[in-house]
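There are 2 protein chains.
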Amino acid sequence: MPADALSSALLPAGLHDVLPSEAAHEAAAVERLLAEFAAQGYRRVDPPLVEFEENLLSGPGAAMSKQTFRLMDPHSQRMMAVRADITPQIARIATTRLKNEARPLRLCYAGQVLRVKGSQLRPERQFTQVGVELIGALEAEADAEVVLLAVQALTAIGVPHLSVDLCVPTMVSRICAGLGLGEDEIRQLRAALDRKDSAAVAAVGGPAAKLLETLMDASGPADRAMQALAALPLPEGAEKDRRRLTDTLALLRAAMPDLTVTIDLVEHRGFEYQTGLSFTLFSRAAGELGQGGRYRAGAQGDGRGEPATGFTLYMDTLLRAVPAAKAPGRVYVPHGSGWETARRLRADGWVTVAGLAPVADAAAEAKRLQCGHWLAGGDVKPAG
Amino acid sequence: MPADALSSALLPAGLHDVLPSEAAHEAAAVERLLAEFAAQGYRRVDPPLVEFEENLLSGPGAAMSKQTFRLMDPHSQRMMAVRADITPQIARIATTRLKNEARPLRLCYAGQVLRVKGSQLRPERQFTQVGVELIGALEAEADAEVVLLAVQALTAIGVPHLSVDLCVPTMVSRICAGLGLGEDEIRQLRAALDRKDSAAVAAVGGPAAKLLETLMDASGPADRAMQALAALPLPEGAEKDRRRLTDTLALLRAAMPDLTVTIDLVEHRGFEYQTGLSFTLFSRAAGELGQGGRYRAGAQGDGRGEPATGFTLYMDTLLRAVPAAKAPGRVYVPHGSGWETARRLRADGWVTVAGLAPVADAAAEAKRLQCGHWLAGGDVKPAG
Numbered sequence: 001m002p003a004d005a006l007s008s009a010l011l012p013a014g015l016h017d018v019l020p021s022e023a024a025h026e027a028a029a030v031e032r033l034l035a036e037f038a039a040q041g042y043r044r045v046d047p048p049l050v051e052f053e054e055n056l057l058s059g060p061g062a063a064m065s066k067q068t069f070r071l072m073d074p075h076s077q078r079m080m081a082v083r084a085d086i087t088p089q090i091a092r093i094a095t096t097r098l099k100n101e102a103r104p105l106r107l108c109y110a111g112q113v114l115r116v117k118g119s120q121l122r123p124e125r126q127f128t129q130v131g132v133e134l135i136g137a138l139e140a141e142a143d144a145e146v147v148l149l150a151v152q153a154l155t156a157i158g159v160p161h162l163s164v165d166l167c168v169p170t171m172v173s174r175i176c177a178g179l180g181l182g183e184d185e186i187r188q189l190r191a192a193l194d195r196k197d198s199a200a201v202a203a204v205g206g207p208a209a210k211l212l213e214t215l216m217d218a219s220g221p222a223d224r225a226m227q228a229l230a231a232l233p234l235p236e237g238a239e240k241d242r243r244r245l246t247d248t249l250a251l252l253r254a255a256m257p258d259l260t261v262t263i264d265l266v267e268h269r270g271f272e273y274q275t276g277l278s279f280t281l282f283s284r285a286a287g288e289l290g291q292g293g294r295y296r297a298g299a300q301g302d303g304r305g306e307p308a309t310g311f312t313l314y315m316d317t318l319l320r321a322v323p324a325a326k327a328p329g330r331v332y333v334p335h336g337s338g339w340e341t342a343r344r345l346r347a348d349g350w351v352t353v354a355g356l357a358p359v360a361d362a363a364a365e366a367k368r369l370q371c372g373h374w375l376a377g378g379d380v381k382p383a384g
Numbered sequence: 001m002p003a004d005a006l007s008s009a010l011l012p013a014g015l016h017d018v019l020p021s022e023a024a025h026e027a028a029a030v031e032r033l034l035a036e037f038a039a040q041g042y043r044r045v046d047p048p049l050v051e052f053e054e055n056l057l058s059g060p061g062a063a064m065s066k067q068t069f070r071l072m073d074p075h076s077q078r079m080m081a082v083r084a085d086i087t088p089q090i091a092r093i094a095t096t097r098l099k100n101e102a103r104p105l106r107l108c109y110a111g112q113v114l115r116v117k118g119s120q121l122r123p124e125r126q127f128t129q130v131g132v133e134l135i136g137a138l139e140a141e142a143d144a145e146v147v148l149l150a151v152q153a154l155t156a157i158g159v160p161h162l163s164v165d166l167c168v169p170t171m172v173s174r175i176c177a178g179l180g181l182g183e184d185e186i187r188q189l190r191a192a193l194d195r196k197d198s199a200a201v202a203a204v205g206g207p208a209a210k211l212l213e214t215l216m217d218a219s220g221p222a223d224r225a226m227q228a229l230a231a232l233p234l235p236e237g238a239e240k241d242r243r244r245l246t247d248t249l250a251l252l253r254a255a256m257p258d259l260t261v262t263i264d265l266v267e268h269r270g271f272e273y274q275t276g277l278s279f280t281l282f283s284r285a286a287g288e289l290g291q292g293g294r295y296r297a298g299a300q301g302d303g304r305g306e307p308a309t310g311f312t313l314y315m316d317t318l319l320r321a322v323p324a325a326k327a328p329g330r331v332y333v334p335h336g337s338g339w340e341t342a343r344r345l346r347a348d349g350w351v352t353v354a355g356l357a358p359v360a361d362a363a364a365e366a367k368r369l370q371c372g373h374w375l376a377g378g379d380v381k382p383a384g
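Chains V and Z, in that order, are what the protein sequence lines are. Reading the first sequence from the start, the letters are residues 1 to 384 in my numbering. Reading the second sequence from the start, the letters are residues 1 to 384 in my numbering.
Be a bit skeptical, because a hint or two may be false.
Heads up, the list lumps identical chains together, so a pair's fine if it works in one copy or across two of them.
[Claimed, not checked] Simulated crosslink set (SDA-like; lysine to any residue; CA at most 25 Å straight-line): (1) Lys-326 <-> Ala-383; (2) Lys-381 <-> Glu-141; (3) Lys-240 <-> Ala-250; (4) Lys-210 <-> Gly-180; (5) Lys-66 <-> Phe-52; (6) Lys-240 <-> Ala-177; (7) Lys-99 <-> Ala-231; (8) Lys-99 <-> Leu-10.
If you're looking for bench data, these hints aren't it; they were derived computationally from the structure.
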């Protein structure tokens, strides 16, 4: 077995060592993202890796139950769960420990999550989640703020060809319910829409069929989609969703006229727990970078809780889209050069690699240690 | 129950939410430490939270077995363990995936560990470990490098009144073995030395008693300790330990003449797996900040493996010693001021907090949102 296959067999499937250049690349990107969040008033919180199962998996967290590892706590004799998603933890912090803080409450986070199974698209079972939550604001301005913040932060770390796909995952259900369709029919329609199957939509759609087909066809570039949507007669609940889409798009356009925005009017997959305007972030090079949208923070399945929105970025895909920063030059500092000499080189921006013993050929030693330069009698010289 | 007791009851004992200002403080300190490590050629690696139990708990990792949570991996049907210590993972990476990289190999890391039980001194069951490993170097220069790096990094993040306590945990055993004492007697002597119990040392020490008492008395400021040590007749193995102590101290003095160094000549608690020169980092204000020393990387209980040294810092104690950086000013940007206006304020170093809806009294709203300033017609004004 080659060395690499041997050593990867040391780790369980879906878990891996992040090796030197990649680990620094990820850490730098995470810190830069959090700095952008902080600059817009989002304050960092850091919940623990493990919580009591009943807290972590209640309310919206219940969705991750099958993906969550359990541990017995010998101290309390209660079951604990390793977090598979940080979002419910942030909502918990907002609605318990920070419940007396002024609203809107802006929080951000970065951390590792662990999942029982990888998916076909994302085989990793451990990954870094980075995101923000904006809690206690109902306004379209809040929806726009988190989209713009995501775009701003991704742009800051160098993601090229960014685009945002807006959707309102509640709209289809509201249209169908408004036109008197039952839950079974709505479920069938959802499945047909997911397959983009016009024939099935026509067959089961009844009074909603024509509307839904129009929505399906109109999905795409934002202006065309909104034009088509504006002309449609919508039931009352869906009318509210349309207004939120219109207002949010207008705010995005005003702030970032050049941003590529598309709208999917029938999307709901991956947004099962979203309660309003939602979005997916794409890069042409790397695919889906993250998603976000409206939910109720602290709702315990009763639909109450505080209005909230936010997003989560997927660091694994994201890093594929971002060029690593150029690493500073490494200079080999031969044995006996002195601590102060090396310190001065570092102050000048060099990475210093100290020789721990005398060597015959310092230039060769520099190359062996992956240093492009070495210190020769006070001067930094290329290692040749 | 007051709100805070209620919400802390939500979490298992020894686990806690790191709330806004503290989370940012910790993240900034961790990144600064890693930047100092990187500047001296230490490259970051990031092993997974979870590994197969047999790998994580073999060799030196075995020491943490009782402190380690286990999980069943449904994929491989094998037991996995949640790391309780990152050091064995770095040694694994060095001796497997990076075994073909040039030596000495310099690696650094930061990450969360989880433990079954907290200790009296450290009740937390989850904490952040930050450290370095220098693998494949036998020289005293390597011992000095990691001590100096720790001091340099801790100074960089603002730890005041730093001191280093050197020890060679193998020396007592080598003296005793060299003078013909058996394993049982050595164990009893260890216990007596741990209690600083001179009477017991005299009673069980036999031919080593006088030597050990001198070592015990000589522990303290480095120069005095070395003077006392230099005068002693030592068996051969212990003579090597003395030479390493002398050489390392000389290198520390040459690099940092003002560094406070003490030497404990009989210390071994907490260094059970160290094989040579070791050290503890202290701050007068906060106590023990971390420790490190020599071990064999990749040794599987057979004493082989590569020579290595390194250190681990305890972020919890450490943060108590470090003043948080002054947070940048927060400015409330009233509704309708425009994205570009807020962007310019951020470029000037402000944290902007956007108003999501019009308010009657912007200065009051700024104060409510913990902003010291607000934007009034293009000017940043104190919120009063």
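The hints, checked one at a time:
1. Lys-326 <-> Ala-383: within (19 Å within a copy, 42 Å between copies)
2. Lys-381 <-> Glu-141: between (55 Å within a copy, 24 Å between copies)
3. Lys-240 <-> Ala-250: This pair counts as within: shortest intra-copy Cα distance 15 Å, inter-copy 76 Å.
4. Lys-210 <-> Gly-180: Classified as within; 15 Å inside a copy, 96 Å across copies.
5. Lys-66 <-> Phe-52: both (16 Å within a copy, 21 Å between copies)
6. Lys-240 <-> Ala-177: Within one copy, since 14 Å is at most 25 Å while 84 Å is not.
7. Lys-99 <-> Ala-231: neither (42 Å within a copy, 66 Å between copies)
8. Lys-99 <-> Leu-10: The answer is between: 14 Å across copies meets 25 Å, while 44 Å in one copy does not.
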